[in-house]
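Could you build all of it, start to finish, from the sequences and the hints given here?
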Amino acid sequence: MVFPVVGYAAFITPGTPITPGKAITPGTPIKGGSFIIPGKVYDPGNPIKGGSVSGTGSLISGQPIISGNGLTLGAFIIPNAPPVIGNPLNGIGNLNGGTAIQGGQGPNGGTAVQGGQGPNGGTAAQGGQGPNGGTAAQGGQGPNGGTTAQGGQGPNGGTTAQGGHGPNGWNVSQGSGGQSGSGVSSGDSENPSFVNLLFKSTDTKRGIFGQIIGAVRDYKTYILGFADKVAQAGAAGYAGFGFNDKGNSKYGVTGKNKLDNKVANWFYERYKGYKHNGEETNFGPKSRHIGQQRVDSFFKSKKIGNVWSSIKGSVKESWNIFSKDAYKMKNLVKLNGPVNVLLSSANNLIDYSKWGSKSKLGYASTDFAADMTVDTAIGVGSTALGSLASSALAGAVAGSTVPVVGTIVGAAAGLATGIVVTYLINGTATGRKIKGAIRDGVKFAYDGIATGLKKGYEKAKQIGNKISKGFSSTFKKLGGLFGG
Amino acid sequence: MAANQQIVSFKKSRIIQSYILLAFFGFIISFVPFEFWSLALFNEILALLAVPLFFLFLRKNRHTSKRYFSLLSFVLMMEMAIFFVEPILRIFYGSILFWFELLVLIFLGILSYRIAENTAQGFLKPGSKFGLIIYAVCGVIIGLGTIVYRVTLAAEIPDAFPIAIILYIFSLMFLFICPIMLIRPERVEDLKKGRYTASRK
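These protein sequence lines are chains V and C, in that order. Read in order, the letters of the first sequence correspond to residues 1 to 484 in the working numbering. Read in order, the letters of the second sequence correspond to residues 1001 to 1201 in the working numbering.
Everything labelled a hint here was simulated from the structure, so no lab data went into it. Don't take each hint at face value.
[Claimed, not checked] Calculated lysine-lysine pairs in the DSSO-like style (CA-CA distance at most 27 Å, straight line):
1. C:K1012 / V:K316
2. V:K258 / C:K1012
3. V:K435 / V:K316
4. V:K312 / V:K435
5. V:K258 / V:K330
6. C:K1129 / C:K1060
7. C:K1125 / V:K286
8. V:K275 / C:K1012
9. V:K466 / V:K443
10. V:K272 / C:K1193
11. V:K330 / V:K229
12. C:K1129 / V:K272
13. V:K286 / C:K1192
14. V:K312 / C:K1011
15. V:K220 / V:K360
16. V:K229 / C:K1011
17. V:K312 / V:K324
18. V:K286 / V:K220
19. C:K1192 / C:K1125
20. V:K272 / C:K1060
21. V:K354 / V:K205
22. V:K258 / C:K1060
[Said to hold, decoys possible] Simulated restraints, written as ranges between beta carbons of each label pair:
23. V:S249 / C:E1035: 45 to 53 Å
24. V:I223 / C:G1094: 37 to 45 Å
25. C:F1042 / V:K334: 38 to 46 Å
26. V:I223 / C:I1133: 19 to 27 Å
27. V:K354 / C:I1133: 53 to 61 Å
28. C:A1040 / V:K256: 21 to 29 Å
29. V:V216 / C:I1133: 16 to 24 Å
30. V:S249 / C:F1042: 52 to 60 Å
31. C:F1042 / V:I434: 35 to 43 Å
32. V:K312 / C:R1114: 41 to 49 Å
33. V:T254 / C:S1095: 43 to 51 Å
34. V:F444 / C:W1037: 42 to 50 Å
Treat the numbers as computed from the prediction; the structure is a model and nothing was measured. Glycine included, C-beta positions come from ideal geometry on N, C-alpha and C.
Below is the structure:
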């Protein structure tokens, strides 16, 4: 079948063979060109000048990089104006702060859900800073004080609803007064108003129980502690009561027998009352010539003269709850002894109760025991020191040419001691540190005792169990002996 | 006077109690408005300086108890007046109020010496016009002190300023009262009996 196909190509005749061509010769290589010379560098142009800040308060402020509606705390340009520090007279309160719980606005705008700033006060729900104060629901700082609902600090004093303190803004000479500006952690250091401080009965912080106890305290301070004593001394002074030294330890009692005014006479009679040889008595109309012993007893009853017996008497009267006399009606009516201890401990009793701010800790905690111990110790110490100052000065003046002055200067010295000692403990950083250290020390000791007791109890329990098991197995064995 | 002839023994002289009182006040006052140890040292030296004075008074007036106790009271009140004025001067140091407080102090100090006998009469006769004023003013001052004490006691962190103010008022009161302790017992007896024009010794 192949041959016929070949037959069809018979007309093709072979041609001449192709002669090979010349080999291609390579061309000349391209020479490298010259490099391009860089041109002149362009000079930079003038920077665009910043535009004017909108708003009226454009003198001191920065502009937020991120607009104030960010969800997280925004970063802000630090305000140009340096914070004003060093005028403590302006320290209390917020100078330029705004007030809003949520959202915040500075003069340059910016509303923040969380965080916000304004140079002259900004407001933010959480956080927020302002050199001249700001208002924030939680946290916040301002060099010139700020107002925050919870926490917050200000070197020149600030006010916070819960926690946070400004330092002592009254300190003019110091200027900064930044000694004690903390309290964020404490959480319960709300500053009560002046009226609350003056009359504890108006302080509603501790509920109705706190108010009742406050009213009793007010009665003790102002009625028993001041008005009654002043009225007694006034009535006695008006009646001309006194002792006329006749020498040889003999005295004459001067003054009217009674006063016409019934109320004044009631105070006068009480002033003449004293304790002699353990019995209550008073200088009646016939007590005109007396000996040294009765004069001494009178001064002792009035806590004038003998310093040590006055201190002992004052502390015993106010704080001793173990004597029988402490529970006598006369002493209880004067709110001394157990009533005084109860009144002094009232704040702790309420705070650690079921309704108090420290209810989680409770009465069984060592914190409660430590607070009670320290507060009672401070009370006893203050009473003793006040009595020392009062009786030492009054006693010295009582022997002078104008003895009646002794009552007045003695009272002033006693008050001054009470005021300064209280300030020393609670008002100075050193005092607070010492008080805190003592409180912690007492708590540590109580914790140690409690842990020791617990361990002892568990150990005893283990021993008890072992003994019990021992007895049990012994009885079983014994029972087995008897077929039980 | 019989009463003036009582002999004062060292035991009854109250020198130790008085020194303790001064040393105590000198120390605690140096903590208002904040601790100042140099001032504490100064106050302690001042308190210590009173002791030789007390001994001198005792030596000179051992047989006149009223005179001795009057002089002792004078030194006590003077030193306490100095201690009590320190806090307010520290607070206002560097301001015009500092000088104002000082001027008031000097003025009252001078005035009180000039009217010492009138003041003594006021205390000795509470029913008199001057006596009523003195007792009323002293009552108000003690009342203010009670209020400040109460506020200090109730405050979580007490403020130094009202304390300094009340101590300053106490200081003025002490300064006002203390010159009457320099009046001799015989003269006081004259004043008691109404012999106001008797010559001074």
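Structure-based check of each hint:
{"no.": "1", "hint": "C:K1012 / V:K316", "verdict": "holds (25 Å)"}
{"no.": "2", "hint": "V:K258 / C:K1012", "verdict": "violated (34 Å)"}
{"no.": "3", "hint": "V:K435 / V:K316", "verdict": "holds (24 Å)"}
{"no.": "4", "hint": "V:K312 / V:K435", "verdict": "holds (24 Å)"}
{"no.": "5", "hint": "V:K258 / V:K330", "verdict": "holds (23 Å)"}
{"no.": "6", "hint": "C:K1129 / C:K1060", "verdict": "violated (37 Å)"}
{"no.": "7", "hint": "C:K1125 / V:K286", "verdict": "holds (24 Å)"}
{"no.": "8", "hint": "V:K275 / C:K1012", "verdict": "holds (22 Å)"}
{"no.": "9", "hint": "V:K466 / V:K443", "verdict": "violated (34 Å)"}
{"no.": "10", "hint": "V:K272 / C:K1193", "verdict": "holds (24 Å)"}
{"no.": "11", "hint": "V:K330 / V:K229", "verdict": "holds (16 Å)"}
{"no.": "12", "hint": "C:K1129 / V:K272", "verdict": "holds (25 Å)"}
{"no.": "13", "hint": "V:K286 / C:K1192", "verdict": "holds (24 Å)"}
{"no.": "14", "hint": "V:K312 / C:K1011", "verdict": "holds (19 Å)"}
{"no.": "15", "hint": "V:K220 / V:K360", "verdict": "violated (32 Å)"}
{"no.": "16", "hint": "V:K229 / C:K1011", "verdict": "violated (30 Å)"}
{"no.": "17", "hint": "V:K312 / V:K324", "verdict": "holds (16 Å)"}
{"no.": "18", "hint": "V:K286 / V:K220", "verdict": "violated (34 Å)"}
{"no.": "19", "hint": "C:K1192 / C:K1125", "verdict": "holds (8 Å)"}
{"no.": "20", "hint": "V:K272 / C:K1060", "verdict": "violated (35 Å)"}
{"no.": "21", "hint": "V:K354 / V:K205", "verdict": "holds (15 Å)"}
{"no.": "22", "hint": "V:K258 / C:K1060", "verdict": "violated (41 Å)"}
{"no.": "23", "hint": "V:S249 / C:E1035: 45 to 53 Å", "verdict": "holds (47 Å)"}
{"no.": "24", "hint": "V:I223 / C:G1094: 37 to 45 Å", "verdict": "holds (42 Å)"}
{"no.": "25", "hint": "C:F1042 / V:K334: 38 to 46 Å", "verdict": "holds (41 Å)"}
{"no.": "26", "hint": "V:I223 / C:I1133: 19 to 27 Å", "verdict": "holds (25 Å)"}
{"no.": "27", "hint": "V:K354 / C:I1133: 53 to 61 Å", "verdict": "holds (54 Å)"}
{"no.": "28", "hint": "C:A1040 / V:K256: 21 to 29 Å", "verdict": "violated (48 Å)"}
{"no.": "29", "hint": "V:V216 / C:I1133: 16 to 24 Å", "verdict": "violated (35 Å)"}
{"no.": "30", "hint": "V:S249 / C:F1042: 52 to 60 Å", "verdict": "violated (42 Å)"}
{"no.": "31", "hint": "C:F1042 / V:I434: 35 to 43 Å", "verdict": "violated (23 Å)"}
{"no.": "32", "hint": "V:K312 / C:R1114: 41 to 49 Å", "verdict": "holds (42 Å)"}
{"no.": "33", "hint": "V:T254 / C:S1095: 43 to 51 Å", "verdict": "holds (50 Å)"}
{"no.": "34", "hint": "V:F444 / C:W1037: 42 to 50 Å", "verdict": "violated (29 Å)"}
Violated hints for the displayed structure, listed by number in ascending order: 2, 6, 9, 15, 16, 18, 20, 22, 28, 29, 30, 31 and 34.
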